[in-house]
Every structure is written in structure tokens, then in C-alpha cells.
Amino acid sequence: MQGKIVVVGASAGGCRVALAAQAAGHDVTLVDEHPQAMKDMSFDAPWFYGAGLPSALLNDNSIAQAVLEGSPELIECLESGVDVRVSTVLWGAFRNGPNSVNVGRPRVGLVNRDGNEILEHDTLVIATGVRDFVPSFKGWELPGVFGGKAGIAMLDLYQVFEGRKAVVLGTSELALRFIRSALARGTEIVAVIEAGQEVYAGPEAAAWLAERGIPVHLRHVVHEALGKTEVSGAICVSLDGDATFAVDCDSIAVAIATLPNIELPAAMGCKMHYDPGLASWVPEVDARGETSLESVYWLRDDASSEALLASIKGETNADRFPPHAAQTQPTLDYIKTWISALHESGGDDVNICQCETVTRGEFCGIAPPSYLGQGLRHAQSPIVHSDAARAPRINQDFMKRMTRVSMGHCQGKRCRDEASIALALRFGVDPDAIRPASYRFPLRPIDLALIADDDESEDIRLHWQMWPYETRQD
Amino acid sequence: MLVLDAGATAYEASSRATGYLSLRGETPAESPLAQEAEKLWDGLDEELGYPTEWTQKGRIWAAFNERELDELKQLYGTFRKTNVPFEFLSGDDLREMMPCLSESCLGGIWTHRSGHANPQRTSQAFAWAFNDRGGEIREYTPVLEILTEGGKAKGVRTLQGELHSDKLALCAAAHNTLLLEPLGIHFPLAPVRLEALVTTPMPPLFEQAFIGNGLSIRQTKRGNLHMNGGPYEWVDLEIGKEAAKPNTQIVRNILRRAIETMPVLKGAQFLRSWAGIVDMAPDQMTTIHKFDSPEGLVTAACSGHGFGMAPAVGIAVSELLLKGETRMPIDQLSLDRFNKVSTDWRAKRRWEAGQYNT
Ligand SMILES: Cc1cc2nc3c(=O)[nH]c(=O)nc-3n(C[C@H](O)[C@H](O)[C@H](O)COP(=O)(O)OP(=O)(O)OC[C@H]3O[C@@H](n4cnc5c(N)ncnc54)[C@H](O)[C@@H]3O)c2cc1C
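Quick mapping for you: the protein sequence lines, in order, are chains A and B.
The numbering used here applies: residue 1 is where the first sequence begins, and numbers increase by one.
The numbering used here applies: residue 1001 is where the second sequence begins, and numbers increase by one.
Worth flagging that the hints you see were computed from the coordinates, not collected in a lab.
Note that this is a predicted model, so its numbers are computed, not measured.
Idealized CB from N, CA, C, for every residue including glycine.
Result set (BS3-like, lysine-lysine): computed pairs, CA atoms no more than 27 Å apart in a straight line:
(1) B:Lys1081 <-> B:Lys1039
(2) B:Lys1266 <-> B:Lys1057
(3) B:Lys1221 <-> A:Lys39
(4) B:Lys1266 <-> A:Lys39
(5) B:Lys1167 <-> B:Lys1152
(6) B:Lys1241 <-> A:Lys271
(7) B:Lys1245 <-> A:Lys271
(8) B:Lys1039 <-> B:Lys1221
Cβ pair distances, simulated, as ranges:
(9) A:Leu372 <-> B:Asp1336: 36 to 46 Å
(10) B:Glu1181 <-> A:Ala23: 54 to 64 Å
(11) A:Glu344 <-> B:Gly1324: 51 to 61 Å
(12) A:Glu284 <-> B:Gly1161: 26 to 36 Å
(13) A:His273 <-> B:Glu1181: 31 to 41 Å
Some but not every residue of chain A turned toward chain B, in silico, with C-beta under 7 Å:
(14) Ser100
(15) Val101
(16) Pro368
(17) Leu376
(18) His378
(19) Gln380
(20) Ser386
(21) Asn395
(22) Pro442
(23) Leu448
(24) His463
Construct the entire structure; sequences and hints are all you get.
Quick look at the structure:
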């Protein structure tokens, strides 16, 4: 590792790397988007907060304090002189590479509520953690529906959670962490819904739930979130027969799984491969976490920073850290179980894309958006026509462009994963044979006025192309 | 009829364009072809059977300082060599048409003809319509070599093997140059990377195809503002390889210019950016050429405005291939006009890979 270092993501792992690099004499900037402005949270990034953001979030000062206090590592970074940028989004990263050789030193674009800055550096460490996986069901747009990570953040990090009675979807570790935090704050867990045959987190977790008298409904999914302006209940349906039951609640925590937050390495063009254990494309990295791009590191999770830390401290045998062990239960299978159950029981007429209001049926049928008032003359298939052995079977970008699913203001954060698994299930294609929808800068939607440059150089002004007289000759 | 593409259907320039039809006032020699394209555009949705979002509401070239105004007035002289109804309007006239236009706009050229469409939808519409008529598109099948025998087209060599046909159309944009080189044919095209972006949807603001302040800006049917502009970065390509198309921090300059151009855009959000590769010819005009040798080979490339031209170019290429002649007005667009262009023309123009200018 060398020179000026930018660490993005103030997770425990990100903070540890920042501290170690600072101690080793590097100039380190640590960037994190939390505490987020309420407006930015409404894009459901990085976590799926849903439409029911508590108004207490408007109190910037007390929020900032709560978030800082909730992260001792971050305080340590501040105290040891790391240049800490909170409430700051890293929206883009630019470096010289094929077909772009005029960037100069690598640089990242940062933006906060006051404006934007381009920061030059030598090394980039990406520790952006995970995001919520939240599949669609009828009523999932209602305030009161949120993802597990977002729920835990509202409870523990922002400390503004207002729910009193929660239904939890999923029985993974994530669900249990949400349940523990919710119980600690006096929220009642009225039902836990699990599409699979058993509690995903294992028999001990099942026993823990039973001890607390929390009702767990195996082989069930949510059929509908009830409520006019916010969640007031849920209808759940059995996957064996169609028996339903209703339950009163004000919150539905969708705590099925998290997925690695790969937007930055993907948009930068790091080489990616599909990992069924994580149900995601992830950057290819070496033992220390270096991606295919030189001096760009990706920390898969807090634990995977060990080898990088060792190398920052000057230990040479970084290879002694074993590569990441494969997960015993692939997240992909669990996610597939949920999506197929939700789609079979809920049908085609549920919006898969909230931003653009597109249903599952419209998406899989490649329907043009309804505002065009025009259909397809003949039904079409998304399957790639090719003899090439390594050709993808489906391009998700094609589906995105035709249907607008993942083209909206959430930039696909809500829908892209369900959309790709839905394609895999409907068209009988392996998820790794789907070319994923491309990630693009900016990583968050940003007000034009905040990001517009104020430093256009003479050089740029002079060479700016003036259509239509681009033919202007010297 | 078999179409081979190195990658996915419509994944290169044709889905990355802004989506204008240009009637080529700046290069009157290709204006007749552009006007043929315009007629075809008017019936395209019906002909293809799939929506293109074609919007025929005119086009504006606007000046934002005195120097630009002078240059535009000069250019207007060239525009008038065509039979397209162009007019020169004042800033106030333009603002009346497009109330969101900034006070700093001093005037510009206007025509009520011309328009724009959605490149992704249009390119896919062509592909689907071709499938519907029994055509086959084979994707991820890069052509590595054009095969000829005894002065005639023989076929192509792909990664998957040879395919034989005595009729070949080479429409691989700036890759044409590389694929023709081994045959001793010089097709001067310089590839250049160009950046584009969209904002979040805004309420309806304008429907014209707008050009000014160094940007092309249109509003999509969905409401997003779609724009491109900036310094060009010249690049080199490799046969059969997808070119990298990264974005740079120049998107910030595009956004600042967008706000200068239409102050109301301050209220929009920057949503998504991308880049595309344009195939620039020395005179920036479309080329459509049928070779006498090798017989059976036709090639075309459109110099950065091939999206709008496509309906007419497609007819010209297919007629040349199948009938040996075309009803499209392409007399001045053959490769012959480059006979005197030397092989180091890119260096002379400062259009070589890595250069970042005009
Ligand atoms: C940002 C941007 C904005 C633009 N705006 C406009 C506009 O407003 N109006 C307008 O008219 N034009 C515009 N253009 C230009 C327009 O996009 C192009 O002129 C047009 O799309 C060219 O079409 P094409 O089919 O020749 O090239 P492409 O769409 O690039 O297609 C070439 C195809 O050839 C394939 N290929 C290459 N090599 C091989 C090989 N060896 N074997 C097999 N296949 C191969 C590629 O994979 C590709 O699919 C713009 C371009 C850009 C980048």
C-alpha cells in the first residue's frame, strides 16, 4: 500500500484499516455517507429504509451525535487524526485506464450537503459493506416496510425506530439480529415468517425464538401488507395449501438476506465473478483484497481485512491468511426459495419496480412502459442468441432498457436483485449466466447544483466540443 | 440474412447516442440522405411494430456568447445550401419556444423539422423487426477477418469458425478500418470516446432536440434530461474486442453547463452516466461504399450521427448489396472521396489515441 489512502466505508473493518494506515504514516481520508440526510435515505441506499422514515431523522444534530456515539471505531479514527468525512457520499472514482488516459492521479468524487470535491489519492480501500435484499410483495411500497439492515440502523445507529409491533420476514442471522435489537427497545415481534422448511439460522436460533414465545410460521410468505397510508397489518399465506392468516402490525422487517455492496468496484470496472455463497457478483481479489485494478482493495467483510492490516503493518507473509471459506448454506438458494414462493403465491400483478411502477408480469414479458401506450407487435424473448460458449444467456441491461426496471431514481437498488433472480427462475437460466445490469456513476442520485463543477480550466473550455462545428480545424 | 455482432445487440454507439436525427445543415452533401431518413422515421413505429419514442418537434442550435453567435451565423450560410427550412432566431424567440432556456442564450438556428427518439428502444425495435421477418442475429460472435477469393467476397472468419457468403455488409463502426486494412483498403475513421448522462425525471420542459453551450440536451418521454458533451478522447480499438468506455469527472462540467443552459435543471438530480465510441471520418460525413473489388462487399459508417441516419443508411446498404444500386441519394458519400487522405491523417489532425481535444 502506498501514498495517500482513501478508505470508503466506516465499518469496523474500514476503520481498522484507516487506523492502521494512519499509524503506518500514511495520509488517510475515511469517507462514510452516514449519518445520511433523510432525502438521501429515501433512495433506499445503502439500506432499504422504506417510505416510513421517522421524522426524528430531521434533527440533524442529535442524529449526528447518536451515529458517532454508536461507532467507537469512528471516534478513534477522529481522535487519531484520520481525515474523517461523514455524511459524505463517494459518488465516483476515476483513474487512468484503457481509453481514458487523461485523468492523471486517481481521484474520487465526494459530495456532501455543502458541495463537492475531487480528491486525489494513490490507494483506494473499499469497505462499503452490505445492502438489504428486499423482494417485492403486494403493498411493499407502504411506510412501515423496510429491510433488516435498515431496521437495525434505525434501532441502534440512528435510534429513531418507532415501530411497536413487527412482522419479520426471514430467519437468517440478520433476522435474529433485528429481533434482538427490536426486543431490547420494547418492540413486540408478532410473527416471524419463513418460506423455507426450517429456521435458516439453525436449531439454536429456533430454540431461542421458541423460548421467547415468538411465533414462527415455516413454509409461509407474506401475501400482502395491509394499510392505506401505512402498514396496519399483514396477510400471510401457507405454501402448503392456500390457508391465510392476518396479523396486526405497524412494521414489516424484510430480513431475508443482505448482499455485498459492489456498486463501486463494479462501476470502476474491477474484474468480477459470481459467488453463489453470497448470491452476488463480487470483485476478484488476491489474499490481501487487491482487485484487478492496481491499488484498489475490496474488503468483503470486516474479517477479511486481516491480511491487508498485516501488510500495512509491514508483515510480509500476508499469504498465511486462508482464502475466504465458502459459506455452507449458499445465500443464493435461500433467496431463490423466497422469490419463487413470493412469485408463485403472489402472482404476476405485483410491482417489482417501485420507481417506475412495473409489475413482475410486465417485466418478464418485456412490456414497454405504460406511458408509451404501445405494446410489442410479437412476444419477444430475452434469451441471447449465440453459439459462443461463454456468452451470457440474458443481458439484464437489455431488460432494464426495455422495461425500465432498475432505471428509476433508486438506480436499481430496490429491484435489481429480485429482477435478475426472477429472470433466472422464469427462463431456466443460471444466475451467473445473466450479465448483470451495469452499475454507473454517480453511486447515489445527486442534486445537479451540488455536483456541478466550479473549476472548468481554460484547457477544458478551449477543447470543449461545440456542436455542430466540431469540424473546426486548426 | 445473418447478422453477426461481437457483443450483444445494440450495446455500442446505437444504444448510447443522444437520439437526434440531424438534417445535416452543416454538411449539405449528406442532407438529402438525412431527409430520406426523416421520411422513414415518421412511419417507423408502425413499420417495425415496436415503440421508438420518435418525437418530431424540431431542432435548435443556440449560441451563448458573441463568438458562438458569430460562428453560428456563419454556419447558417452553410445550412441554407440545403432545402431544409432553417431560420435564424433571436434569443427571445427561442425562449418563447423553450421557456426553460437561460437568459444568456443570444439566438440560434431553428427548424421545425427533425426530431429525436430513444436509441435503446429504436435499435432493439430494428432487431426485433428483423427477427420477425425471419432474420437471425448471432450475438457474441466477433468477426476476426473478412475472407475474399479471386476479387470476390467469400465470407468471414469468426471465433467460432468460417461462415461463407458472397454478399457481405461491413457495419462495424470504427472497427471497419481494422477489418478492411488486411485487404489493402483504407477506410479513414478515428474512434473517439464521448460522455453522456441523464438526470432524474422532470416535469415536461421542452420537446425540441436542443444543442447549445457545448451540449446536446433532450427530454425523454419519461421526463429525464438526457445529454452529452465534453472534450473528446481519441482511442484505439482492437478487432473483436469490446472497447472500455469509462466516464470521467468531466460529467461535473457537463452538469454545470446544463444548469447554465437551463437554470431550472438545478432542481434535477444526476442519475446515471455512460460513455460511447463515435467513429469520426475526416470530413465527419456518412460513408456508404460498394466495392468493385472485392465484389459483393459493402461498407458503411456514420461519423457520429448515424442514429438518425440509420433508416436510410440501412436501405442504401441492403439495396447496394442485393441489387447493386440504390434509390437513396448517396452519390457524394462513397469512400472515393478519401483517396487523397494519407494514412497518417489522425496524427495530422491530433486525433490519435490518448489525445484529448478536437
Ligand atoms: C454519446 C453519443 C451521442 C450520440 N448522439 C447521436 C445523436 O444524437 N444522433 C445521431 O444520429 N447519432 C449520435 N451518435 C452517433 C451514433 O450513435 C452512431 O453514429 C451510430 O449509432 C452508429 O451505428 P453503427 O451501427 O454504425 O455503430 P454501432 O452502434 O457502434 O454498432 C457497431 C457494431 O459493430 C459491432 N462490431 C464491431 N466490431 C465487430 C467485429 N469484429 N465483429 C462483429 N461485430 C463487430 C459492435 O459490437 C457494434 O454492435 C452518438 C454517439 C455517442 C457515442
